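Listed below, chain by chain, are the residues.
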Amino acid sequence: MSIFTSAVEKPITTLMVFLAIIVLGVFSYTQLPVDQYPKMDPPYITVMATYPGANASDIEENVTKPLEDQLNSVDDLKELTSTSSENISVVALEFEWGKNLDNASNDVRDAVDKALDKLPDDIDRPTIMRMSTSMMPILVYAVTANESFSGLNKIIDDKVVMRLNRVNGVAQVGIAGIPERVVYVNLDPVRMDALGMTLEQVSNAIAAENRDVSSGNLKMGLVDYTARIEGEFEKSSDIDDIVLRASDGSTIRLGDIAEVRDTLQDITLEQKINQGTGAIVYVTKQSDANAVKVAELCKIELEKALADMPTDIKFQTIVDNSEFIVNSINNLTDSLMYALISVVIVVFGFLGRWRATMIIALTIPISLIVAFIYLFVSDGSINMISLMSLSIAIGMVVDDAIVVLENITKHIERGSRPREAAKYGTNEVWTSVIVTTLVTVAVFFPLTLIPGIMGIFFKPLGWIVCVCVCTSTLTAISLTPMLSSQLLRLRDKKADEETKRSHRFNFYVFVSMQLDKLDAFYERIIRWVLCHKTFTILGMSALFISSMFLLRFINTDFFPQNDQGNMSVYVKMQPTQRAEETGRIAARIDSTFRADIPELTLSSFSYGSEETASFTSMMSTTGSNVANMRIRVTDMDERDRSIFEIADQVRDILKSFPDVLAYTVTMGNSSTTSNTVDMEIMGHDFTATANLAKVLADKARMIPGAEDINISRDDDKPEIRVRLDREKLARHGLTTTQVGTAIRYRIYGNRQTKFKEDGEEYDIIVRLDEEARTSITGFENIQITDGFGQRIRLKEIGTIFESYSPPSIERKSKQRMLSVSITPAAGVSMGEIALAAQKIIDETEIPDALSVYIGGSYEDQQESTSALGLLLVMALILVYIVMAAEFESFKMPFIIMLAIPFAFTGVFLALLLTGTTLSVVALLGAIMLVGIVTKNGIVLIDYINLMRERGVRLYEAIALSCRSRLRPVLMTSLTTIFGMVPMALSFGEGAETWRPMGIAVIGGMVFSTIVTMLIVPAVYAAWDKSGSRNKKKAINSQYTFMSDFDAERDLPKKNN
Amino acid sequence: MKSVFIVYNQALTERVNYILEQLQIKGFTQWPLVNGAGTFGGEPRMGSHTWPEMNSATMTVVDDELVPLILKYVKSLDEVNKENGIRAFVWNIEQTV
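Order-wise, the sequence lines are chains A and B. The first sequence begins at 10 in the numbering used here and counts up one residue at a time. The second sequence begins at 3 in the numbering used here and counts up one residue at a time.
Extracted from the complex, chain A is given alone in its bound form (with noise of 0.2 Å):
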C-alpha cells in the first residue's frame, strides 16, 4: 500500500506521526541556542610573546625568529606570518580550513617548548591562543570611577572578575586601561657612586630581605614546633629600612640612596571614558558556550557585584553583542512570521477557499518544524543564517502541497467523494511532485559541499533547504491527502452560477473572473510572441547581455556590515610623539565628537602601549602614537542617522586635525573584513624595500579607481642605539649581553622580587632614579661594574647615537614582508585593480634580492569566488542531469535553463535600482533562483510536451499551455517573492545582513519569472519546430505491411 493510500485510510495514525514530528520539533527549538552566526573556528592559532623593553628589530632577532623556525614545521600549515613590534612579538598560524584544531595546537605547543631554549632568558612563556569569533568580547564595559579610581583594579578583580570567571561559558575576563600597583626603588646614581655600590648589589639585597625561610622542627618537650625566619616585606615602607652595608660603625639603608614608592605603575596604556578616568572591562566566551546566555548570566552577576562595590564605580556598556543578536533574531523571527502570513495571503489569493488554503498553510509550519530537529541534531543553532534559510523555504514548501491539492479537487469537482478523490488525485501527481522536489535538492544540495569559510555560510543553507523541501515533499503526499480527504467539500457548482448572475460578491468567484481574464490576456502575448520569436529572442538576449555591463556599478562587499549602535576608530600621529601628546590630541578629538554627534552616548579613548601582552594588544594596535577610540550612540530607534552616516561625520572630524596621519573607522564589533588588492615585497633590507614600496605606492596612485594606498611598514621611529667597543669591552671583561642587562636592569627596571599585600602580589621595580632615564647625559653617564669589579661608564665603552627603526616588522613564510596594499574605490572590481597591480609590478625594475607578489584579500576572494563559481557549475550540471532524465531530452534542459541568466539579470537590477552591495547574501539568494526559475520552466514546457504528445500543433499546443500552466508558475513565484518582501522591507537592528537576500530573491524572481513565460515557448517553438513529426514518420516508414493502404480509396465514405 502506497504512503498517500495508508495516510487516507488511517487518518489518526497519520494526525499522531505528524503530531510526534511538531512535538519534537517544538522541543528541539525550546533546545537551541541563538547566535548571529552558525559556529565557525577559524583555522588560525597565534603565538603571541613578549619581551619588554625590545625594539621591533630586537623582537625580530630573539624571540620573533626562534619561534617561526620551531613553528614552520607544524603540520597542515598554510601561512605563516608575524609581526615584530615594540615588546611583542606576534607569529600567526593559518591552517588549512576543517584542520583538527585541537592537534594543531598541542603541536604548536610542542614546537613552541622546543623554541623556550632559545628565546631570551628573561621573557615571558609565549601564550598560545585560538583565534575564533568567540575570542571576540561579546561584553564590553567603560567602568569610571572617582575616589576609588587608585584601588580599582583590586576591587574589580575581587568583585567583578571573580564573579565572572564562575559563570558558566566565561572564557575570559580582562581588564584594560588600569593601572597595576607596584613598588618602585628609584636609585640616585651620584649616591650609588659616592658609595660604590651597584644597582644589582640592591636589587639582591632587596631579594635577599624580602623571604620568608622555614628552618626545620624543634622539639621541646611535648611540643614540636616549625621554625621560620620572617624576613617578607609587610608594608612597602619596610624597603627603606634594608641595611645595604653596615662598616665603620655606619649604617647604609636603602632609604639614603634610594626613592622607596608604593604606587601606581607609569602606566603606558591611559584609558579615558567620557573625558574622566576608567577602565575597560572584556568578557569574552568559551568557543562552544552560547553568546546570549553567557551575556544574560554575566549581566545577572555583575548586577549583584554592583550592590557591594563603592558608589562612585560605576558599569556602562559600550558593546553589548547578545542584545544585538537578540533583537536581530527577533526582527528575523517577525519578519518570517510575516513571510507565512503573506505566503497564506497569496495562496488564498490563487485557491479562494479557506480549507484548501488551511491544508496547504499547514504544510509550511511541518516543513520548518523538521529544519529545527536537523539544527538541534547537527548541535547547530538560531542564528541569521539558519532562519534566512527557511525564509527562503518558507515559498517552496507549499508548491508541491498545491499541485497535490489542486489535483484532489479537480476530481472532487468531478463528482468522486473526497476519500476517493484523494487517494486517486495524489496517485496522479506524486511522482511528478518528488521530480521537482528533486530539482530543487540538485540545486541545494551542492551548497552543502562548499569548503572553507564560504562552507560555514552555504553549508546550512543548503542543508535546511533540502530537509525542508523534503519534509514538504512528504508531507504533501501524506498530510495532504489525509486532510483533504477529511476536509474538502464538494462544492456546488450550481450555487457558483447563481452567484455569478446574481452579481453577489463571493471571493472565489470573484477571483476565479480575475484569473480567467488574466489567463486569456497571457494566450494574446503568447500568440503574439509565436509570431514574432526571433524578435523576442533576440530582445532577449540582448537586454541580458546589456546587463552584464550593469555589473559594473554594482559595488561588491563580502558580507554587509551591521549598524551595531558602536563604532570603533583608530588613530594614528606623528611615530615620534610621546604618548602624553597623543593623549592630549585625542582628548581634543574627544571633546570635537562630544560637542558634534549629538547621537554619541559614550566614548572611550585609550593610547599607548602596555608592557604585557594583554587583550588589549591583541584586538588591537597599540603604541605611544596611537589612539583608539570607541564611540557608542543611541539605539536605532532612537536616532534619524544610520551609524554609517555618523562614521562619515567622524572621518570629517578626524581630517580637520593635521597631527592625525592615519585613521581607520570600524563599524560594529568585529574587524571589518578588508578588500584590498596587496602587492607583497619580500626582502631583508629595509631600505631597499621601503623604497620599492614608495616606487610601487607611487605608480599604484595612478591606476584609475585605485584609493587608499598604503604601505604596510609605518614609518621609522627613533631611537637611541649604543655600539659597543669589542675592544675595549675585552679589556673590560665584559660582553655586549651582560652590558645589555645592565642596561635594561637601570633603565627598564630588574624585577626580582614581589611585595605580598592580602594575597595578592606586586612587583618591586629596582631602577635608577628618572633623572639618568630623561637625558642624553643621563644616559651615557650610566655606571656599570666590569668584569674586575671595576665601575665604568657606558659612554666610555661605546658610542651613543639617535637612530631610528622601523616600528614594526612584518613577516610572511620567515623572510621579511611589505605589502602596498591598494582599495578599490566603489564600483570597481578588485580583479581590475589586481590586474593593474600585477602590470606595474612587470614593468618595475626590482632589485634582485627582492621579489613582489600579488595578496591580500584578493588572494582570499578568488579562492572564495572560485568556491562559488565551482558550485554554480556543479549545481547547473546537477540541474541538467535530473531535468535531463525527466523529460528524456537532452534539448529541454536547455531550454528551460535559458531562464536561469535572466535571474542573474533581474538580480542586478534590483541591487542596482536599490543601491544594495553585491554580497555574499545577495550571492546567496542568486544561486537559489536557479531552482526557483528551474522549477517554472519544468512546469510550462512539461505541459507543452503532454500536449505535443497528444497530438495538440505546436502553437496551438503552447499557446494553450501557457495558458493553463500561468496559474501554477504564478502561484509559486508569487508565494517565493512575497515570502521575501518582509526581509527586503525590514529595517532595525540586523536588517543589512537580510536585506540584500530579499531584494535580489524578489528582483530575480519578477524579472525571471516574466521572462521565462516569454522566452521559454518562443524558443521552444524555433526549437521543436519540425522535430516530434519527423519522429513519428520515422517510425512509422518502417510499417511495410500496410504499404497497399490508402485513406483515400480504401476507407468507407462517411455519409455526412
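One should not assume that every hint holds.
Claimed, not checked - Dumping the calculated BS3-like pairs for lysine-lysine here, alpha-carbon to alpha-carbon at most 25 Å:
no.	chain 1	residue 1	chain 2	residue 2
1	B	Lys77	A	Lys1062
2	A	Lys108	A	Lys468
3	A	Lys127	A	Lys74
4	A	Lys1062	B	Lys28
5	A	Lys703	A	Lys664
6	A	Lys1042	A	Lys900
7	A	Lys127	A	Lys48
8	A	Lys763	A	Lys244
9	A	Lys703	A	Lys804
10	A	Lys302	A	Lys313
11	A	Lys804	A	Lys737
12	A	Lys1062	B	Lys4
13	B	Lys84	A	Lys1062
14	A	Lys1042	B	Lys28
15	A	Lys1042	B	Lys74
16	A	Lys821	A	Lys848
17	A	Lys323	A	Lys313
18	A	Lys1042	B	Lys77
19	B	Lys77	B	Lys28
Keep in mind the hints are simulated off the structure, nothing from the lab. As the structure is a computational prediction, the values presented were derived from the model and not from experiment.
Go by the hints and put chain B onto chain A.
For chain B alone, kept in the frame of chain A given last:
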C-alpha cells in the same frame, strides 16, 4: 456494428495501434497483458518461467464496412512473421447505450 477482438503477442502492440490509427478507428479497449495459447500450433503465452512471453488483446467496435479492412491488415501483419502470432475474431453487437 461488429466487435473485432484482436489478440497478439505484445511485441506487436505498436503495429496493431498503427493499423487502428491508419483506419481512423478511435474507440477501442485494450488489455495490455493477457495469458493464452493458440489452437493451431501457437505457443502458450503464460508469463511463467516455462512460457515467458505474454499476449495483448484489443477489442474495437466498428461499422460493418471496416471489418474486412481490419482483417486484411491483421492477416498481412501475421504474414510478416508467423511466430509472433496475431488473430482477430469478429462478433455481432446487439445493443449499445
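Against the structure, the hints come out as follows:
no.	hint	verdict
1	B:Lys77 <-> A:Lys1062	holds (23 Å)
2	A:Lys108 <-> A:Lys468	holds (17 Å)
3	A:Lys127 <-> A:Lys74	holds (10 Å)
4	A:Lys1062 <-> B:Lys28	holds (16 Å)
5	A:Lys703 <-> A:Lys664	holds (23 Å)
6	A:Lys1042 <-> A:Lys900	holds (20 Å)
7	A:Lys127 <-> A:Lys48	violated (38 Å)
8	A:Lys763 <-> A:Lys244	holds (12 Å)
9	A:Lys703 <-> A:Lys804	violated (37 Å)
10	A:Lys302 <-> A:Lys313	holds (17 Å)
11	A:Lys804 <-> A:Lys737	holds (11 Å)
12	A:Lys1062 <-> B:Lys4	holds (18 Å)
13	B:Lys84 <-> A:Lys1062	violated (33 Å)
14	A:Lys1042 <-> B:Lys28	holds (20 Å)
15	A:Lys1042 <-> B:Lys74	holds (23 Å)
16	A:Lys821 <-> A:Lys848	holds (23 Å)
17	A:Lys323 <-> A:Lys313	holds (13 Å)
18	A:Lys1042 <-> B:Lys77	holds (23 Å)
19	B:Lys77 <-> B:Lys28	holds (21 Å)
Violation of the numbered hints given earlier is confined to hints 7, 9 and 13; the remaining hints are satisfied by the structure.
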